[in-house]
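All the letters of the sequence shown, read from the start, carry residue numbers 1078 to 1309 under our numbering.
Keep in mind that the hints were calculated from the coordinates and are not lab data.
Treat the hints loosely; a few may be bogus.
Restricting the straight-line Cα-Cα distance to at most 30 Å, the calculated cross-link-like pairs of lysine-lysine (DSS-like) are [stated by the list, open to error]:
#1 LYS1247 to LYS1194
#2 LYS1247 to LYS1211
#3 LYS1297 to LYS1249
#4 LYS1292 to LYS1247
#5 LYS1194 to LYS1292
#6 LYS1211 to LYS1137
#7 LYS1137 to LYS1194
#8 LYS1259 to LYS1194
#9 LYS1297 to LYS1247
#10 LYS1249 to LYS1259
#11 LYS1249 to LYS1194
#12 LYS1247 to LYS1289
#13 LYS1249 to LYS1292
#14 LYS1259 to LYS1292
#15 LYS1249 to LYS1289
#16 LYS1211 to LYS1194
#17 LYS1259 to LYS1297
#18 LYS1211 to LYS1259
#19 LYS1247 to LYS1259
#20 LYS1194 to LYS1289
#21 LYS1292 to LYS1211
#22 LYS1289 to LYS1211
#23 LYS1289 to LYS1259
#24 LYS1297 to LYS1194
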Amino acid sequence: MADTPEKASPPGGTPPPASPAKPAAAAPAAPAAPAAPAAAKPAAPGAPAAPAAGAAAPLKPRPKVQLIWEPKELGRRDWMLAFAWLLFAVSSLVATLFYVVRFLFPNVTYEPPLQFKAGLPTEFAPGRVDERFKEGFGTWVVRNELGLYALSTTCTHLGCTPNWLEAEQKFKCPCHGSGFRKTGINFEGPAPRPLERYRIGLADDGQVLVDKSAKFQGEKGEWANPESFLYV
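Using the sequences provided together with the hints, build the complete structure.
Structure follows, in structure tokens:
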């Protein structure tokens, strides 16, 4: 069997021709580099530099707030306006309180009682007109030789209050001149009828009791009613 010649070059000899090398595999293409940004236009002289891309915009300064109140010097017109508002507020408060009080305490007309005691019969002098009950009860108590009767102090003309004239022995109305005798009968002026009489009697304690809820008119003959006269 013949020996196979060695591929290695003998020492000191010419090296054998190299065998053709296999082409190496192509390396993957590198990614293209991003294009460089276009050169920015030069800023105008004196203009503020534009912020760099990605940089935060600078904050605008806040306006200053005046925290301390500075009093304003009030003039004459301001004082008058303030006084007018104060007067209006006080007036409104007073009016409100007034209506509240009126609501809590409604109007009540206090009239004298329809019945009252005039005292003992011996306290009335014969032939005299007792005026003690004129203002409080609107009544004259008159005593004659037989007894007592109670006259209304309301004029039968237009409701005025006559006056007793002792010297002239008559009741005289100051409004239109109507005149009434001591008995209550009208005799002068425009009064169309006599004064009215009230019921009169004795209370349980012996005092004279006048009852204004019952009236007697002389022109109707009601003075003959026993309750219109008290015999004493």
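Here is what the structure says about each hint:
1. Annotation: proposed proximity of LYS1247 to LYS1194 holds, straight-line Cα distance about 25 Å (limit 30 Å).
2. Using a Cα cut-off of 30 Å, the hinted pair LYS1247 and LYS1211 holds, with the two alpha carbons roughly 15 Å apart.
3. At roughly 23 Å between alpha-carbon atoms, LYS1297 and LYS1249 fall within 30 Å of each other, so this suggested pair holds.
4. At most 30 Å may separate the alpha-carbon atoms for a hinted pair to count; LYS1292 and LYS1247 meet this at roughly 21 Å.
5. Distance restraint check for LYS1194 and LYS1292: the Cα-Cα separation of roughly 17 Å lies within the 30 Å cut-off, and the hinted pair is therefore satisfied.
6. In summary, the hint linking LYS1211 to LYS1137 is not supported, as the alpha carbons are separated by about 94 Å, beyond the 30 Å threshold.
7. Restraint check for LYS1137 and LYS1194: the C-alpha separation of about 98 Å exceeds 30 Å, so the hint is violated.
8. Taking the CA atoms of LYS1259 and LYS1194, the gap is near 22 Å; set against the 30 Å cutoff, the hint holds.
9. Taken as a hint, the LYS1297 and LYS1247 pair is honoured in the structure, with Cα atoms around 22 Å apart against an allowance of 30 Å.
10. This hinted pair checks out: LYS1249 and LYS1259 have alpha carbons roughly 11 Å apart, not beyond 30 Å.
11. Straight-line distance between C-alpha atoms of LYS1249 and LYS1194 comes to about 26 Å, which keeps the hinted pair within the 30 Å bound.
12. This hinted pair checks out: LYS1247 and LYS1289 have alpha carbons roughly 22 Å apart, not beyond 30 Å.
13. Straight-line distance between C-alpha atoms of LYS1249 and LYS1292 comes to about 21 Å, which keeps the hinted pair within the 30 Å bound.
14. As the CA atoms of LYS1259 and LYS1292 are separated by approximately 18 Å, the hinted pair is consistent with the 30 Å bound.
15. A C-alpha spacing of about 22 Å is found between LYS1249 and LYS1289, which places the hinted pair at or below 30 Å, so the restraint holds.
16. Under the criterion of a C-alpha separation no larger than 30 Å, the hint pairing LYS1211 with LYS1194 is consistent with the structure, at around 14 Å.
17. This hinted pair checks out: LYS1259 and LYS1297 have alpha carbons roughly 19 Å apart, not beyond 30 Å.
18. Only pairs whose Cα atoms come within 30 Å are accepted, and LYS1211 paired with LYS1259 is accepted, the gap being roughly 15 Å.
19. The suggested pairing of LYS1247 with LYS1259 holds, with an alpha-carbon distance near 6 Å, which does not exceed 30 Å.
20. With a C-alpha separation of about 12 Å, the suggested pairing of LYS1194 with LYS1289 holds against the 30 Å cut-off.
21. Of the pairs offered as hints, the one joining LYS1292 and LYS1211 holds, with about 17 Å between alpha carbons and a cut-off of 30 Å not exceeded.
22. Between the alpha carbons of LYS1289 and LYS1211 the distance comes to roughly 13 Å, so the proposed pair stays at or under 30 Å and holds.
23. Between LYS1289 and LYS1259, the direct Cα distance comes to roughly 19 Å. Compliance with the 30 Å bound is thereby established for this hinted pair.
24. Pair hint LYS1297 plus LYS1194 holds up; C-alpha atoms about 27 Å apart against a cutoff of 30 Å.
In this structure, the hints that do not hold are numbers 6 and 7, in rising order.
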